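Let the hints inform the model, and build the full structure from the sequences given.
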Amino acid sequence: MRHTAKSLAGIAMAATLAVGTVACGDSSSTEPGAGAGQSPQIGIDLPRADSDFWNSYAKYVPQFADEYDINLMSPTNSQNDVAKLVANVQAMVSQGAKAIVMAPQDTGAIASTLTTLESKKIPVVSVDTRPDKGKVFMVVRADNRAYGQKACEFLGEKLGGKGKVIEFQGSLSSINGRDRSEAFAECMKTKFPGITIFEEPTEWEGPKAAAALQTRLAQHPDIKGIYMQAGGVFLAPTLQVLKAKNLLVPPTDPKHIFVVSNDGIPQEFEAIRKGEIDATVSQPADLYAKWALYYAKAAAEGKTFQPGPTDHNSTIIDVGNGLEDQIAAPLVTKENVDDQALWGNQIGK
Amino acid sequence: MTGTQTIAKPPAPTGGRPGLGGRIPLARLRDLALVPAILLLVVVGAIIDPVFLSSANITNVLQQQTELALLVLAEAIILIAGKFDLSLESTIGLAPALALALVIPAASNGLGTELPAGLAIPICLLVGVAIGAFNGLLILRFKLSAFIVTLGMLIVLRGLQIGITGGQNLFDIPPSVLYLGNAVWFGVPASIWISGTLFVVGIAALGFFRHGRAVYAIGGNTDAARAAGIRTDRVVWIILMVGGLLAALAGLLMTGRLGSVAAAQGDGMIFTVFAAAVIGGISLDGGKGTLFGALCGVIVLGLINNILTLAGVSAQWIQAIYGAIILIALILARLTSGKAQD
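Chains as they are written, first to last, in the UniProt record's numbering: chain A, 1 to 349; chain B, 1 to 342.
Everything labelled a hint here was simulated from the structure, so no lab data went into it.
Source: prediction; values computed, not measured.
If a hint is listed, it holds; no wrong ones were tucked in.
The following label-pair restraints were derived from C-beta to C-beta distances:
{"no.": "1", "chain 1": "B", "residue 1": "Ser314", "chain 2": "A", "residue 2": "Thr310", "range": "36 to 44 Å"}
{"no.": "2", "chain 1": "A", "residue 1": "Gly275", "chain 2": "B", "residue 2": "Asp172", "range": "18 to 26 Å"}
{"no.": "3", "chain 1": "B", "residue 1": "Asp172", "chain 2": "A", "residue 2": "Pro62", "range": "24 to 32 Å"}
Listed below are the simulated SDA-like cross-link pairs for lysine to any residue, each with C-alpha atoms no more than 20 Å apart in a straight line:
{"no.": "4", "chain 1": "A", "residue 1": "Lys274", "chain 2": "B", "residue 2": "Asp172"}
{"no.": "5", "chain 1": "A", "residue 1": "Lys245", "chain 2": "B", "residue 2": "Asn182"}
{"no.": "6", "chain 1": "A", "residue 1": "Lys208", "chain 2": "B", "residue 2": "Ile326"}
{"no.": "7", "chain 1": "A", "residue 1": "Lys243", "chain 2": "B", "residue 2": "Val184"}
{"no.": "8", "chain 1": "A", "residue 1": "Lys208", "chain 2": "B", "residue 2": "Thr272"}
{"no.": "9", "chain 1": "A", "residue 1": "Lys245", "chain 2": "B", "residue 2": "Ser55"}
{"no.": "10", "chain 1": "A", "residue 1": "Lys120", "chain 2": "A", "residue 2": "Pro40"}
{"no.": "11", "chain 1": "A", "residue 1": "Lys208", "chain 2": "B", "residue 2": "Thr59"}
{"no.": "12", "chain 1": "A", "residue 1": "Lys243", "chain 2": "B", "residue 2": "Ile192"}
{"no.": "13", "chain 1": "A", "residue 1": "Lys164", "chain 2": "B", "residue 2": "Val313"}
{"no.": "14", "chain 1": "A", "residue 1": "Lys245", "chain 2": "B", "residue 2": "Leu310"}
{"no.": "15", "chain 1": "A", "residue 1": "Lys208", "chain 2": "B", "residue 2": "Gly323"}
{"no.": "16", "chain 1": "A", "residue 1": "Lys245", "chain 2": "B", "residue 2": "Pro175"}
{"no.": "17", "chain 1": "A", "residue 1": "Lys224", "chain 2": "A", "residue 2": "Thr196"}
{"no.": "18", "chain 1": "A", "residue 1": "Lys224", "chain 2": "A", "residue 2": "Lys334"}
{"no.": "19", "chain 1": "A", "residue 1": "Lys164", "chain 2": "B", "residue 2": "Leu310"}
{"no.": "20", "chain 1": "A", "residue 1": "Lys243", "chain 2": "B", "residue 2": "Asp172"}
{"no.": "21", "chain 1": "A", "residue 1": "Lys243", "chain 2": "B", "residue 2": "Trp185"}
{"no.": "22", "chain 1": "A", "residue 1": "Lys208", "chain 2": "B", "residue 2": "Asp267"}
{"no.": "23", "chain 1": "A", "residue 1": "Lys120", "chain 2": "A", "residue 2": "Ser39"}
{"no.": "24", "chain 1": "A", "residue 1": "Lys243", "chain 2": "B", "residue 2": "Ser55"}
{"no.": "25", "chain 1": "A", "residue 1": "Lys208", "chain 2": "B", "residue 2": "Gln316"}
Covered stretches of chain A, going by a simulated chain B footprint (3 or more residues, C-beta under 8 Å):
{"no.": "26", "segment": "48-57"}
{"no.": "27", "segment": "195-201"}
{"no.": "28", "segment": "207-219"}
{"no.": "29", "segment": "230-241"}
No residue lacks a Cβ here, since even glycine has one placed at the ideal position from N, Cα and C.
Have a look at this one:
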């Protein structure tokens, strides 16, 4: 039944999207004004519309497109569905896209589309995820292993190398969730063997994390640390559970539970300022948009890049089916939470 | 289908005649079919970890299931009446999201109307009723298939929520909305009291009151029910509105418990709702099953989840084991009740 719902939804949405892209395509040819007709068109697909992070990314896209003077096509949205992504890409190609920016959430199923695009000589920039197979021009992605690593080091130090930690894992079918889980587990094992980890599968769902936390706290009232792999979905449920248990106390209180998050949304910064959580790794939504468009434009103009350090504090590595620019993702704590360079401090202003 | 028979078979005892009469004890037995499964789960849970039986853990399990319980209550009544409502899973997100968007400032992703915060709960419940009424309009007046109508509504309502909130999670929740999902009355979370009370009301209404019993009659055989003088359309319409209302209330409880309205709140939940209802003995064909059974189904699912967490089952295997245990619970229910399931 769920399946029917999904596929029917897919048909309905594909239809609306098709109508939408056609309509927008008409208007965009007049909108950007002078010179737009000359520079190569760049298509972009947004992966989903229901997460704070991706909505921020979507807001940065037109901004940087203006800055680089890019002839951007109307962004499409694939609603976290690879079938819709494929359809959107086909539509963009037939509308004359010279380079495509996408963020395939299913990193395996996009392979054949990438091969098709390669045969048509349309370069692809993949944001946030690295396709398992198929040629990409550049992957723009934060080093997700570094997320798990940084979270582990922060918690390990705060706990003095011993105690119990609960970890809300994302979906193990996504590369980002896997990378964070593996790096966190590895680092804990080698650097802080005295710490016990409870790994809770959540499929990126807040209610599941809340239930797991309640249960674990009943089982082990001496849990001292929490690592959540996505602040956007886990922050509010976690704080709500801790509040109900009277465990939302300042870091100076011995009852305090140290919380490290990933994402860097404004609500996390607010919680850090209040002392409710202790740190987060800021996933750079602005830099994703900026460098994705930069590389897309460069690709359409025929430029190439080599592995090695870049001028923007990151490193390009060769990942076999293309290059990957590993964007720096800073750890945010009480000390640097007011840094205006963080994207979480820029939205809603 | 066995229409007239179903009408003749009330879900609860009607008179003082002691029960070798066949039908009534069987109905009762079916009611209790899941009790052995629940007992088995309790024993297994206690063996895996003694914490399982602590009152804190049991309270947690019940509280985590309250929202699901309300959706199952709504769905069970609608299924008994022979209809479907898939859109409940979107109502649980849209109703609180719309109510909050009207109340909170635009800076927190609201719509900018900034109505008084006290209106949030009434608006939320009203949205639920309105969705149920609209479903009823399409199903009963325009004679469209309930399955397709509510499937369409599921998509539309989820889309509305994403459109209204711009796909953002709503974090800035007024205290009045947080209260129900958060408060503790007499040492037990308020949401447990609310769900428990509503189930008692539902069981009493469907078991002992004329309008409640009419629901079984309609689900068993609509034409016969109409011939017997029941205003079938009106009863079904009211049931759909009650369903929407319960889903909106569940949305409030979930919002209070989790401290935010996620853009995907309730997404995919209808699957679990149907699982709980069917495990609890509700027939998808209408006219059969009891609310007590449905409640047992909810409790079984909650206990399984809790035990899997306590046991620390690895992430890769948890789904397979979860599904397998549900099947075992079904088989156990079949063996103890001795009745074919449908």
